[in-house]
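S.K.: The working numbering applies: residue 12 is where the sequence shown begins, and numbers increase by one.
Keep in mind that a hint or two might mislead.
Capping the alpha-carbon separation at 25 Å, the derived lysine-lysine pairs in BS3-like fashion look like this [claimed, not checked]:
(1) K96 - K83
(2) K94 - K67
(3) K96 - K106
(4) K80 - K67
(5) K83 - K67
(6) K94 - K106
(7) K89 - K67
(8) K83 - K94
(9) K67 - K106
(10) K94 - K80
Hints listed in this document are in silico derivations from the structure and should not be mistaken for laboratory results.
Here the structure is a predicted model, which is why all the values come from computation and not from measurement.
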Amino acid sequence: LYSVQSWLSLRFHGPARVYIDTVRDLYEAYVIQSFVYYLIELLGGEDRMAELLSRKDARLGGHGRIMSKCLKRWVMGKDFLVKIKQGVLQYVVIKTILSLLT
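Starting from the given sequences, assemble the full structure and let the hints guide the process.
M.R.: In structure tokens form, the structure reads like this:
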């Protein structure tokens, strides 16, 4: 995709580049969302993934030295999986809106 985008940008330089970049950004957001859902299904679905996450060490939910001062530690399990999916969907929506506005 990036090679096609680069070739199109060289071929149709000028105002067409904005549209080419917009299509690339929309496709990139779609691919990221699809990849996350693919990984969840590949690892056995949401219920199995939540079970696997709940068995992980509690230290994995930490945010590091600086961010742990203002953010709570995440509990691994179903709630963590929901937060991941919400984060990906927020990224897709924001990336789509911003791509269409530019």
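S.K.: A separate judgement is required for each hint: does it hold in the structure or not?
M.R.: Going down the list of hints, with the structure as the test:
1. K96 - K83: Since the Cα atoms of K96 and K83 sit roughly 19 Å apart, the hinted pair holds (cutoff 25 Å).
2. K94 - K67: Distance ~16 Å between K94 and K67 Cα, so the pair holds.
3. K96 - K106: This hinted pair holds, its Cα atoms lying about 15 Å apart.
4. K80 - K67: 22 Å, holds
5. K83 - K67: Given that 25 Å is the threshold and the Cα spacing comes to 17 Å, the pair holds.
6. K94 - K106: Satisfied, since the Cα-Cα distance of roughly 18 Å is no more than 25 Å.
7. K89 - K67: 12 Å, holds
8. K83 - K94: 13 Å, holds
9. K67 - K106: Violated - the C-alpha atoms of K106 and K67 are around 31 Å apart, more than 25 Å.
10. K94 - K80: Answer holds: K94 to K80 is near 20 Å, not above 25 Å.
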